[in-house]
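Student: Each chain, letter by letter, is given below.
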Amino acid sequence: RKEVEQDPGPFNVPEGATVAFNCTYSNSASQSFFWYRQDCRKEPKLLMSVYSSGNEDGRFTAQLNRASQYISLLIRDSKLSDSATYLCVVNDFNKFYFGSGTKLNVKP
Amino acid sequence: GAGVSQTPSNKVTEKGKYVELRCDPISGHTALYWYRQSLGQGPEFLIYFQGTGAADDSGLPNDRFFAVRPEGSVSTLKIQRTERGDSAVYLCASSQRVSSTTDTQYFGPGTRLTVL
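Just so you know, the protein sequences line up as chains Y and A, in that order.
10 is the number of the first residue of the first sequence in the working numbering; add one for each residue after it.
2 is the number of the first residue of the second sequence in the working numbering; add one for each residue after it.
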């Protein structure tokens with residue numbers, strides 16, 4: 010069983026749409042959680058950390074549900090520039106486990 | 002400021018050869034991580050350094066892989082007797098290690114290794 014599981018997509022959405030991704034993790038003792046964005050043939054870049062209380066950064070909202078062991082990312086008012094792969098990341102005592110990523114295509 | 006840098010950006014080698022991949026972390030970052038990313042997959046953890054010592058090398062796939070960080074800054078990932086299955090992008094990341102719960106990593110651009 011993988012430590013972090015994500016739907017690979019792709020999610021094909023029109024500009025302006027709202028889209029949500031989920032990810033599940035296997036270790037209930039995991040300590041911290043993140044969403045990274047990765048563009049084609051580029052390195053992953055931190056999008057946002059995910060806190061138990063939920064957090065928002067502009068059009069992006071992240072939620073953590075420890076009881077169900079899943080993390081979500083909501084993107085509102087999608088832009089063409091949001092097209093990328095979104096990686097869910099879980100920190101287990103200094104080992105970072107990455108999901109395989111969810112691909113988002115935002116179309117005009 | 003300067004981010005994480007990795008050299009070379011691309012490396013093509015023949016099966017059986019030895020390769021070294023270099024990572025320069027962000028200045029002042031005490032933690033350094035190596036990952037391997039294959040096409041369509043997320044980065045896979047290889048090894049983590051805290052300072053000069055390898056705090057966790059459980060992700061290294063076998064004894065052909067070895068990494069060092071002798072002065073607590075630059076790190077080198079060494080692969081002996083390369084195999085075609087070693088072809089991947091090797092990513093390095095560094096972090097400040099202020100707290101285990103808020104620690105975030107910053108990635109270098111990666112080295113694309115191709116074993117022919």
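Warning: the hint list may mix true and false statements.
[As the list claims (entries may be wrong)] The list that follows gives simulated cross-link-like pairs (lysine to aspartate or glutamate, DMTMM-like), each with its CA atoms no further than 25 Å apart: (1) Lys79/A x Asp57/A; (2) Lys112/Y x Glu45/A; (3) Lys11/Y x Asp86/Y; (4) Lys11/Y x Asp57/A; (5) Lys51/Y x Asp25/A; (6) Lys51/Y x Asp64/A; (7) Lys12/A x Asp87/A; (8) Lys11/Y x Glu21/A; (9) Lys104/Y x Glu21/A.
[Said to hold, decoys possible] Take a look, some chain Y residues computed to stay more than 12 Å from chain A by CB distance: (10) Gln47; (11) Gly63; (12) Gln72; (13) Asn74; (14) Ser81; (15) Asp91; (16) Asp101; (17) Gly108; (18) Ser109; (19) Asn114.
[Said to hold, decoys possible] Output of the computed footprint for chain Y on chain A, the stretches with three or more beta carbons under 8 Å from beta carbons of chain Y: (20) 44-53; (21) 76-85.
Source of the hints: derived by calculation from the structure; they are not laboratory data.
Cβ coordinates follow ideal geometry from the N, Cα and C atoms, glycine included.
Student: Against each hint, give a clear statement of whether it holds in the structure.
Tutor: So, going through the hints one by one against the coordinates:
Under the criterion of a C-alpha separation no larger than 25 Å, the hint pairing Lys79/A with Asp57/A is consistent with the structure, at around 16 Å. Between the alpha carbons of Lys112/Y and Glu45/A the distance comes to roughly 18 Å, so the proposed pair stays at or under 25 Å and holds. Distance check on the hinted pair: Lys11/Y and Asp86/Y sit about 32 Å apart at the alpha-carbon level, beyond 25 Å; violated. Between Lys11/Y and Asp57/A the alpha-carbon distance is near 19 Å, which keeps this suggested pair within the 25 Å criterion.
Only pairs whose Cα atoms come within 25 Å are accepted, and Lys51/Y paired with Asp25/A is accepted, the gap being roughly 17 Å. Our distance criterion of 25 Å between C-alpha atoms is broken by Lys51/Y and Asp64/A, whose separation comes to about 29 Å. Of the supplied pair hints, the one linking Lys12/A and Asp87/A holds, its CA atoms being roughly 12 Å apart against a limit of 25 Å. Proposed proximity of Lys11/Y and Glu21/A is contradicted: the alpha carbons are some 29 Å apart, above 25 Å.
In summary, the hint linking Lys104/Y to Glu21/A is supported, as the alpha carbons are separated by about 23 Å, within the 25 Å threshold. Against chain A, the non-interface label of Gln47/Y is violated: not every CB pair exceeds 12 Å, the least being about 8 Å. Listed as outside the interface, Gly63/Y is consistent with that label: its C-beta sits roughly 16 Å from the nearest C-beta of chain A, beyond the 12 Å cut-off. Listed as outside the interface, Gln72/Y is consistent with that label: its C-beta sits roughly 17 Å from the nearest C-beta of chain A, beyond the 12 Å cut-off.
Interface exclusion of Asn74/Y from chain A stands, the closest Cβ pair being 17 Å apart, more than 12 Å. Consistency note on Ser81/Y: stated as away from chain A, and its beta-carbon is indeed over 12 Å from all of that chain's, at 17 Å minimum. Distance to chain A confirms Asp91/Y as a non-interface residue, since its nearest Cβ pair spans about 19 Å, more than 12 Å. With a least beta-carbon separation of about 10 Å from chain A, Asp101/Y fails to lie farther than 12 Å from that chain, contradicting its non-interface assignment.
Non-interface call for Gly108/Y relative to chain A: violated, since the shortest CB-CB distance, roughly 5 Å, does not exceed 12 Å. With 12 Å as the threshold on Cβ separation, the claim that Ser109/Y sits away from chain A is violated: the shortest Cβ distance comes to roughly 5 Å. Against the 12 Å criterion, Asn114/Y stays outside the reach of chain A, whose nearest CB is about 15 Å from its own CB. Counting residues of the segment 44-53 of chain A whose CB lies closer than 8 Å to any CB of chain Y gives 5, so the stated coverage by that chain holds, three being the minimum.
With 0 residues having a beta carbon nearer than 8 Å to a beta carbon of chain Y, the segment 76-85 of chain A misses the requirement of three or more and the stated coverage is violated.
This entry does not satisfy hints 3, 6, 8, 10, 16, 17, 18, 21, going by the numbered hints stated previously.
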